[in-house]
Every structure is written in structure tokens, then in C-alpha cells.
Amino acid sequence: MTHLDRGVVQGPVPARAGIGLRSVHHEALLADRPAVGFIEAHTENYFHEGGAAVRALLRARANYPLSLHGVGLGLGSVDGVDREHLGRVKQAIARFEPALVSEHACWGRARGEHFNDLLPLPCTEEAARLLARQVGEAQDFLGRQLLIENVSAYVAFEHSPLPEWEFLAEVVALSGCALLLDVNNIFVNAQNLGIDARAYIAGLPAGSVREFHVAGHARNGNVLIDDHGSRVCDEVWELLRLAVARFGPLPTLVEWDNDIPSLATLVAESRHADDILRERRGLAA
Amino acid sequence: MTFCGSAVASLREVQESFAASLRDPAVTCAVLPPANLAIYRNNANHALREALAITYPVVRRRVGEDYFRQLATHYRLRYPSRSGDLHGYGRDFAAFLDQHLDDGDYRWLADLAQLEWSHAECSVAAECPAIAANALAKYPPEQLGQLVFRTQPSLRLHSFPFPIFTVWETNQLENAPPVDQSLGQEAGMVLSRHDGVEVRRLEAGLFSFLSALAGGATLGDAMTNADLDAPALTDALAFMFREGLVCSLSGGS
Chain A
1 MTHLDRGVVQ GPVPARAGIG LRSVHHEALL ADRPAVGFIE AHTENYFHEG GAAVRALLRA
61 RANYPLSLHG VGLGLGSVDG VDREHLGRVK QAIARFEPAL VSEHACWGRA RGEHFNDLLP
121 LPCTEEAARL LARQVGEAQD FLGRQLLIEN VSAYVAFEHS PLPEWEFLAE VVALSGCALL
181 LDVNNIFVNA QNLGIDARAY IAGLPAGSVR EFHVAGHARN GNVLIDDHGS RVCDEVWELL
241 RLAVARFGPL PTLVEWDNDI PSLATLVAES RHADDILRER RGLAA
Chain B
1 MTFCGSAVAS LREVQESFAA SLRDPAVTCA VLPPANLAIY RNNANHALRE ALAITYPVVR
61 RRVGEDYFRQ LATHYRLRYP SRSGDLHGYG RDFAAFLDQH LDDGDYRWLA DLAQLEWSHA
121 ECSVAAECPA IAANALAKYP PEQLGQLVFR TQPSLRLHSF PFPIFTVWET NQLENAPPVD
181 QSLGQEAGMV LSRHDGVEVR RLEAGLFSFL SALAGGATLG DAMTNADLDA PALTDALAFM
241 FREGLVCSLS GGS
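Sequence order for the protein chains is A and B. Residues in the first sequence are numbered consecutively from 1, following my numbering. Residues in the second sequence are numbered consecutively from 1, following my numbering.
Just chain A, same shape as in the assembly:
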């Protein structure tokens, strides 16, 4: 296994905007070294021993703090924690030394079949306890805290009695995890499920959030789809302002995974997030 041989940016991820590491940008990112606060990579893309993606991330680590963001553990699945997958996450952590490791408040498989999607959980006591127990199990195995991200939903469960923010607060309280608050997903769910985005942000425990995500979404009739395929809309930037006011300036990732623009456009979009984080720092100073 190739180990980091060029030095690694150590220490926490700064409270600045970061960008997702996508293969189409590898070359430009390594050549241009844009001044972004951190990079975030999908953990599952770095499970392998070699290859272009692994080499690019090993090189990028010399310049940027790293957040490893998992999309495949589905820690809310009633079938339990996928220990084989978790073992590979642990190997990736040992190899790339990320400052942040995150996953989603979702489930993803049933009876051995994976759906490779971030499927929503009903906001019930039972689901909160199961998710918290399995997040705790994963944290124990990995020997570190996980950040758990709220997901978008396109369907409302017939029985989902807790407000989503109370559900997440309970998972935090029971497992000791932190939250990765995806502001776009709050906006999407506000539209799709009729929940109150401001109440959501106000209702989460003050110290529970350690990172923000923002992204673009698409509209399909009355439904908003969290497709990460466009610019962040004004309403979502406004929600980010509210979130920064409540939780403080934190590492903020601009996600753009479909119709991926040039690196320059992505970096420009991340500057907008930086401006919002700076407004807050300006207020605090």
C-alpha cells in the first residue's frame, strides 16, 4: 500500500469553504492549487489500492485538509452495520488521515440487497435509537467521532411523529456523534414535506453541528430533487446565513456532482460561501 510520502496538511478543517474532489478536476486542482479551505472526497472512491483517484488524493493531501464523506454505510439499516464496508472505511482513514469523517442519517439495504441510495428514515423513536446505536458502533470501531448528515426526502412516511430536528438531536445525544448540516436538504425537505426550515435550524442543539453542505437542486413538478447539479440558489444561501448565525462559522462544502462545471466556476461558487462565513466572523470580531 502506498503511504503518504509528501507530507500531509494536519490539524482541523478551517471554518472556510471547501470543494468536493471530483476526477474531472484532479489535474486542474493539483496544477492550480486554488485557495480553498479543504477538500471533501467520497470515501468509497478511495477504497482501492491504486489508480488515478487514489494517486490524486494522496498528492492533494499535501496541500489541503481533508474530509472523507461516506455514501455507502447506510447506518440506519435494520440489517445492522456492514462490517466489511466499515473495515474499508477504517483503512481509508488510516491511509488519508482525514480531519473529518462523515456519513448519512439514512438506510440503504434490505435482505442483502443494496439500493446504493440515501434512503430516508421515518422520524420515530425506534429509528433514532437504532441509528444512534449503529453510529455508536461505527464510531467505536473507527475510534473517532462521525459527523452524520441529514438527507433529502421525496416521500413522507405515514408514521413519522418527531420533527426531523428532534430526531437528529436524539441521535446526537445518544451516540455522541456530531452533525453535518446539509442546508440544501433542509430547503428540499421544507418544500417536499412541508416542514419549517427556520424551525429546523433553530431546533437543533447549538453545539451539535461541525460542518455545513450547500448544493443546487432541481425541480420536478412540485418536488425538489437534491441532484447537486447546479448553482446554489439564493434561498439556500439565506438559510446558510441563518445556520452560520446559529452554529457559528464552520467548514462549508459546496457540492456539485452532476453537470460538473470547471474548477474555476466551482471555486467561484465556494467564494460565496466564504463571504457568508466572513460576514459572521466580521460580526463576531
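Some hints here could point you the wrong way.
For the chain B half of the interface with chain A, some residues (derived, Cβ under 8 Å), not all of them [to be verified]: (1) 10; (2) 14; (3) 19; (4) 39; (5) 40; (6) 43; (7) 44; (8) 48.
Simulated coverage check for chain B against chain A, where a stretch passes if three residues somewhere in it have a Cβ under 8 Å from a Cβ of chain A [claimed, not checked]: (9) 26–33; (10) 83–91; (11) 119–129.
If you're looking for bench data, these hints aren't it; they were derived computationally from the structure. We put the CB at the ideal spot given by N, CA and C, even for glycine.
Once you have looked at the hints, place chain B on chain A.
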């Protein structure tokens, strides 16, 4: 599965009912209204089809987008995803095509898929440092026949009854003309390189020799197996060391 009246479904029932309606649109989900469930069905289909399309670009080019979508749907029913990591999802596509196309004319697509799977594996494989030909010099000539070669772990060797390597090469560009299948059998290798993946046709004798060595045969047995004379053996060894295929030698004293 139905949940009537005020009875609240357990989380297991919720997930199994959700899963059943994701697998089969005809199954009504007991815990979710049908509106928008199609979004999840489409997401899952799209993610799995994209994973296949990334792994099998040449198969897709040869059969066209519409038929590839059909194949992806059938494949998913036959080989559901078994991991939260999609990189391994296409592992059984060649076996699937072999069963699915067993009526003849398009059987070569299964071989093409095998080659593309090797390419996908090599694109994420590690390289081990190669040794140079002078490593042979420390063995007395009478021991050379007993040597065993450890070759690059990413090295994949294929021999097909169809001209699959030619199909693969010509279809790196869109709109390539069909390859004349009467060209017949071809053999070759796929290998992870620092700057990408190498796919290369090999002459039959060299292929047999490499296959024997990569399979753990001694140098003497590999030479016999491939029926190489002394000059051909020298060329084959020179090729292996020049191309960085040898990681270590063992077996001599």
C-alpha cells in the same frame, strides 16, 4: 404486506416494504404513499446503470444506449447490488451476458465484457516495483529452469475465440465500424501502469509463456508449455523485464 388501521409498522417492516416497492413497481408500499416513490426507483436504476456504463463503455458503444439500458435492467434483476460501494457492481456482467446471449451471434460481447472488467480492475490496482533482467544473472544456468516468477499482481491475461482486443481498440472512438469477427481468436494482457491501464495484444507463444509463468509454473515448464526455442525464450524474457512485469524471482538456490 399490509398494515391496516392504526397499527404502526416496525422499522423493519417499513424498510422491507420500501425495499419491495423499489424492486418491483407493481408492489404497493404499505408505509409510503405511492407518489414520488418512482423518484427512488429511478435513482437506484440510474446509479446502477451508470456504474455499469462507466465499467463497460465499449459494450455500451457496440450495443447502443437503448439496448444497454435493457441489459442493465435485466442484469440488476439477476445480480442485485451487494455492496454500498458501486465499484464492484459490474463484476458478474460477463457471466450474465454469457447466459443472456447464448443464442450465438453476439456471444463475443461476453468476452468483451471480460476484457473491460479486467480494465476496470487494473484501473484501481496497485503496482509493485519491477525488477530488472540482471536479477537472472545471480542464478547459475543449471538452476534457471527451476525459477518461479512473481508477476505484477494487476496482470490479467486473456485468450478469446473472437478478435476482442481489436474490437476494444477500434471502439475507443465513437462510431467505429464493426470488426470482422472472422479475424478469429486473439490473446493479450491488461496491466495497471502508473499513468493508466495498458491493453495489449500478444502473439500466441508469448501469451502461453506468460500465462504459465503468471500461473506459477517454473521457467522450464513455461518454456516447454509455450514451445519456445532459445531465441524466442530470450525475446520473451526480454519483453517481461522491459515491460516491468516481473516483481521477484524465487526457487533457485
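| said: When I compare C-beta atoms, does the region 26–33 of chain B have three or more residues closer than 8 Å to chain A? | reply: holds (count 3)
query: Should the interface hint for residue 44/B be scored as holding, given a Cβ-Cβ cut-off of 8 Å against chain A?
result: Result: holds, 5 Å to nearest chain A Cβ.
Quick check on residue 14/B please, does its C-beta sit within 8 Å of some C-beta on chain A? 6 Å, holds
For the region 83–91 of chain B, count the residues whose Cβ lies under 8 Å from any Cβ of chain A; is that count three or more? This one holds; 6 residues, not fewer than the three required, reach chain A with a Cβ under 8 Å.
Against chain A, run the beta carbon of residue 40/B and see if the smallest gap drops under 8 Å.
-> 6 Å, holds
*Was the hint right that residue 43/B lines chain A, CB cutoff 8 Å?*
5 Å, holds
query: Can the hint on residue 39/B be confirmed by a CB-to-CB distance to chain A that is less than 8 Å?
result: 4 Å, holds
- Do three or more residues of the region 119–129 of chain B come closer than 8 Å to chain A, measuring C-beta to C-beta? holds (count 5)
Exercise for review: Report holds or violated for the interface hint on residue 10/B, using the least CB-CB distance to chain A and a cut-off of 8 Å.
Suggested key: 7 Å, holds
Does residue 48/B hold up as a contact with chain A if the rule is Cβ-Cβ below 8 Å?
Residue 48/B check passes; min Cβ-Cβ to chain A is 6 Å, inside 8 Å.
| Measuring from the C-beta of residue 19/B to each C-beta in chain A, is the shortest one below 8 Å? | 4 Å, holds
Against the hints set out earlier in the document, no violation occurs for any number.
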